[in-house]
Amino acid sequence: MAVDIAGLLFSSPVIAASGTFGYGREYDDYLDLEKIGGFVTKGVSLEPRDGNQPPRIAETACGMLNAIGLANIGLEKFLADKLPLVEKTRARCVVNLYGESAEEFEKLAQALDARQGVDALELNVSCPNVKGGGMAFGQDAKAVYELTRVVRQKTSLPLWVKLTPNVADPVPMAKAAADAGADALSLINTILAMAIDARTRKPKLGNVYGGLSGPAIKPVGLRMVHQVSRAVDLPVVGMGGIMTGSDVAEYLLAGASAVQVGTASFSDPASCVRIADELAAFMKEQGIAEVRELIGGLLS
Amino acid sequence: MAVDIAGLLFSSPVIAASGTFGYGREYDDYLDLEKIGGFVTKGVSLEPRDGNQPPRIAETACGMLNAIGLANIGLEKFLADKLPLVEKTRARCVVNLYGESAEEFEKLAQALDARQGVDALELNVSCPNVKGGGMAFGQDAKAVYELTRVVRQKTSLPLWVKLTPNVADPVPMAKAAADAGADALSLINTILAMAIDARTRKPKLGNVYGGLSGPAIKPVGLRMVHQVSRAVDLPVVGMGGIMTGSDVAEYLLAGASAVQVGTASFSDPASCVRIADELAAFMKEQGIAEVRELIGGLLS
Amino acid sequence: MSLRVKVISNQPAGEGVYLLELEPHELGRGAMPGQFVMLKPAPGRDPLLARPFSIHGVTENSLSVLYKIIGRGTALLSGFSAGDIVEAWGPLGTGYNLDYRKPLLLAGGMGIASLAFAASYLQENGVDPESIYGAATVRDLVEGYYDSDGRYFISGAPWQIITEDGTYGETGLITGGLDEKLAGIDGVLACGPLPMLKAVAQVCAEKQVPLDASLEAPMACGLGACLGCAVPASQGGYLRVCKEGPVVDAGKVDWERV
Amino acid sequence: MSLRVKVISNQPAGEGVYLLELEPHELGRGAMPGQFVMLKPAPGRDPLLARPFSIHGVTENSLSVLYKIIGRGTALLSGFSAGDIVEAWGPLGTGYNLDYRKPLLLAGGMGIASLAFAASYLQENGVDPESIYGAATVRDLVEGYYDSDGRYFISGAPWQIITEDGTYGETGLITGGLDEKLAGIDGVLACGPLPMLKAVAQVCAEKQVPLDASLEAPMACGLGACLGCAVPASQGGYLRVCKEGPVVDAGKVDWERV
Ligand SMILES: Cc1cc2nc3c(=O)[nH]c(=O)nc-3n(C[C@H](O)[C@H](O)[C@H](O)COP(=O)(O)OP(=O)(O)OC[C@H]3O[C@@H](n4cnc5c(N)ncnc54)[C@H](O)[C@@H]3O)c2cc1C
Ligand SMILES: Cc1cc2nc3c(=O)[nH]c(=O)nc-3n(C[C@H](O)[C@H](O)[C@H](O)COP(=O)(O)OP(=O)(O)OC[C@H]3O[C@@H](n4cnc5c(N)ncnc54)[C@H](O)[C@@H]3O)c2cc1C
Ligand SMILES: Cc1cc2nc3c(=O)[nH]c(=O)nc-3n(C[C@H](O)[C@H](O)[C@H](O)COP(=O)(O)O)c2cc1C
Ligand SMILES: Cc1cc2nc3c(=O)[nH]c(=O)nc-3n(C[C@H](O)[C@H](O)[C@H](O)COP(=O)(O)O)c2cc1C
Ligand code: FES
Ligand code: FES
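Protein chains in written order, with UniProt numbering: chain U, 1 to 300; chain A, 1 to 300; chain H, 1 to 258; chain Z, 1 to 258.
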């Protein structure tokens, strides 16, 4: 079941997604971390962040909204308290980076470079670009290029750039990241969305808007992974709505080299391992020996 | 329950959406057309169109994909065979226009202008702009402006411009349509997406990509209606995933003046009337006498 | 109004096959063999769409559907029991041509669902069709009953059985020796898997025997509104399975492109 | 592994209230009053998220949850019956402080679900809490049993009743005359609607009596991973209801911002 993403080996193509798996050990009572490829941390910023005003989550049809606001304990505490807890496991730890400016991203990358226990960095470019007038870095190919370029200079770790679906076309962003030296592309992040309580007449989220995730968005994730993997010669880590082993196979066929599982962990905390097991069973049923036989194997 | 959209009165804010309600009479065995505000026709083009290679639809989590390919009987047959069937009903008939070039849209608008039975035109700008290199008209504010402008010159009918969700931000498109003389904005059209059969390894749609609709996309529709209605001073006709009267109330609160119901008609052919009834019951329960008390009434 | 129909019974009727009996109301009104109904496999939003099923029979008191578990929708459907309510609409579409004097009925697999209705309808109307029901193996035959000679009956009409492995009736494919079987036949009614229909269409075209073929396509509305259920037409363009079909004159279909 | 738990029974226990008894497995292991479990109200993708419910009681053979129908999830939950499987995980979160010598328990409405467990736990451990259960009207009281003096018991522990309309027990709000009730009390355990908790927090702060308040917030993971269940903390920032709570020292909460 092993897959190679830009030179880094993962024992399984199933990886727990950023923001849904804490700092890696929160699910220990319900799954064995070593049975999946690894996990991506909650977005880590230089300073601790409190996050958005509650309510922060709302359920929607086959999905959910979140507006956590990138609450996290900050770099220092992450390194001191959380990283040691995962360092000794065989599971890969990918650190998701969140900054409000290129400088913040640079500093984060520098501080994490060559840190024991950190296997790769994932650059979350879906956040608002404060200097760029609030438009997300990830909605502007030039900003994606610049951000990726400066971070690339600060780290020799494998660098994944995580793309947002809130664009007319993800390919220009993917190309920009590739041109600037990214090693892999992760997609999709959540879709900007909103829920309203008709009786109270209020938005269901304190932040009004939030990100839509879960099975509802799988068709959008598949489409964007398909678009990007055909257009750009980098490994793609696909995600969005994965709930079953068959969903993983679909993402692999669409062109992903590995996948991340996010919201599924909320409907069943053992999801990541269950999904990895289901993928193995599916491959066995189909007589597929290696994950790579599926990657990009869509017929027409 | 009556609502006024740019001077045109609808007896109910619930309108059947383009492409899901045929030419208005297909559902006659299951609902009374006069109990809803009206309907929008399947996209009508100058010449008949066969549409895309099957399969054309696929079910997804709380949603569906379609890649009908704008199959339709063409302007001539529409005027001769279909329009007369709805002309005598009190229900409003909005004709959805589909063209591959600005010229085609112009001709359509001209031919429909002042035709008895046509109450308004809805410009579907989500289609690929053949001259603009295939990128959809609706993803380019200049193209939206130009298209709306030329059509505006050819018709005195109320002109609705239907926006696509496949953009980073719908507001520039909405503004462009407004600046060019649109009377109302309809949104959202379907989200570009894809489904794969893991066993056959094939896309589930003959066209590979299709449009995602249904409850899965409601949170995206609400967000875009909220964004657009706050930014542009035109009535908004909201849609995307409406299944219940409460869903309608949510769209109205977000800023819509009326709504369209699409995919719901496939899960129950009487949906439009049921939804209108549910809205009436909700308003009664909440002591709301007029629909306009809800429009834009979101609290924060 | 769409219909909320009460389940009378929902019983196993073969390997992975169920017979669903519904209180008919309008759902069965004037239903003809080859027509279908849309059944929502569960209330709620997921699964979202209704599924098309041929009408297997109608009496004054019931409408029945014979279905096989294929995926999630049919699996959910098998969970319904007496007294439950199913959301449904119909009868829909264009059924079989029932005016032939000496028709041949060819049912492959679940094709028996609609053709059993056609066979008993024809019989009641004084026509004795030649009826052949093909299955891979005896276990795949849906529950019928047998007379003392071992003849298989379903819905009151007799069927010759042919199984691929010879575990019941003749051995072979339903399409085997079809040209001989067409002797004296003035029309063929066929329902079954696509490869079978294609083979039958080819032989019928050669022998110039009219063929009514019952087609399948994914559907959303079932009412001719969404244009989702397209199958390629021989004249170019497409036919709607839910409106021009599901039973179509085989000559109108572009079998190459299907 | 997440848990697939068998339903022992799921019975009405008041107006729109149900008592769900589950086979415990690990779900109940070491569960303490104030802790909760996550229950998925239906298999499948819609509804997608599990819901948090306080543990109402644990025995060697069962774990019980007392819940009220609020929306879609709890309505679906009420459809489960004996033998059905519920997906669940737990026990989760931080429960009540059970070290007080003379505690006062204040249960408003469904707050009784977790506090009944606390009351009987305390009683079993030799502490006799002062327990008050407030409801709008007698019909809103969940099913308990009454001794010959009309005293109300639930899970083996007695509760004084106060109803807003005086249809049972005292008349008034649970927060009425609270300062007097605090005499001799070394700690308050409270669970109920937010306005009640706020009022109780204010009085307890004034009287400098420690208050353990059980909070609610929408949850996704229940495990401290998603940071969805934030409530404003008095020191700035937020507490996670699923981890630092649901029962928190009232002094740690910024009641103004909740
Ligand atoms: C006119 C017509 C009559 C039919 N009559 C019968 C019958 O009498 N008995 C019977 O067992 N089956 C019949 N079928 C096939 C039946 O509709 C499918 O087996 C059923 O839709 C499968 O649903 P599912 O959710 O179990 O499968 P899934 O594969 O999970 O379904 C996914 C989606 O694909 C669609 N789909 C899957 N298979 C088919 C198919 N063969 N045709 C159309 N859509 C499909 C489903 O409706 C659903 O939208 C008929 C199909 C048509 C078009
Ligand atoms: C720690 C904790 C313990 C609880 N214990 C009990 C209990 O013992 N008995 C009981 O009846 N109720 C309890 N609740 C409340 C219970 O979780 C909600 O009533 C339930 O989630 C409502 O779900 P629904 O689908 O019926 O409602 P809907 O309103 O349709 O739910 C929509 C979404 O909002 C969430 N939600 C709605 N109300 C609440 C709420 N009050 N708190 C948190 N999330 C909510 C749901 O989980 C769901 O994700 C508890 C809540 C928490 C946080
Ligand atoms: C509660 C929550 C928090 C998230 N936080 C982050 C984050 O900090 N950084 C990030 O890049 N993505 C974050 N995401 C996005 C997920 O990693 C993932 O891209 C998205 O949810 C789609 O996958 P899913 O449908 O499997 O959840 C978060 C998602 C959720 C639901
Ligand atoms: C089968 C189908 C066909 C459609 N055809 C058209 C069309 O011709 N023109 C158009 O503007 N929108 C078309 N739409 C989009 C709908 O009008 C609507 O914008 C979209 O489906 C979202 O609403 P819903 O979630 O209620 O379906 C179509 C949608 C579906 C599902
Ligand atoms: S199913 Fe909608 S047109 Fe046939
Ligand atoms: S519910 Fe996820 S952190 Fe509390």
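Calculated from the structure, these hints are not laboratory results.
Ideal placement from N, C-alpha and C gives every residue a C-beta, glycine not left out.
Don't take each hint at face value.
Quick partial rundown of chain U residues pointing at chain Z, CB under 8 Å, derived from the structure [unchecked claim]:
#: 1; residue: TYR30
#: 2; residue: GLU34
#: 3; residue: LEU46
#: 4; residue: GLU47
#: 5; residue: PRO54
#: 6; residue: PRO55
#: 7; residue: ALA58
#: 8; residue: GLU59
#: 9; residue: MET64
#: 10; residue: GLY74
#: 11; residue: GLU76
#: 12; residue: CYS127
#: 13; residue: VAL208
#: 14; residue: TYR209
#: 15; residue: MET243
#: 16; residue: SER267
Outcome of the hint check:
no.	hint	in the structure
1	TYR30	holds, 5 Å
2	GLU34	violated, 15 Å
3	LEU46	violated, 17 Å
4	GLU47	violated, 12 Å
5	PRO54	holds, 5 Å
6	PRO55	holds, 5 Å
7	ALA58	holds, 7 Å
8	GLU59	holds, 5 Å
9	MET64	holds, 6 Å
10	GLY74	violated, 11 Å
11	GLU76	violated, 16 Å
12	CYS127	violated, 16 Å
13	VAL208	violated, 16 Å
14	TYR209	violated, 15 Å
15	MET243	holds, 6 Å
16	SER267	holds, 5 Å
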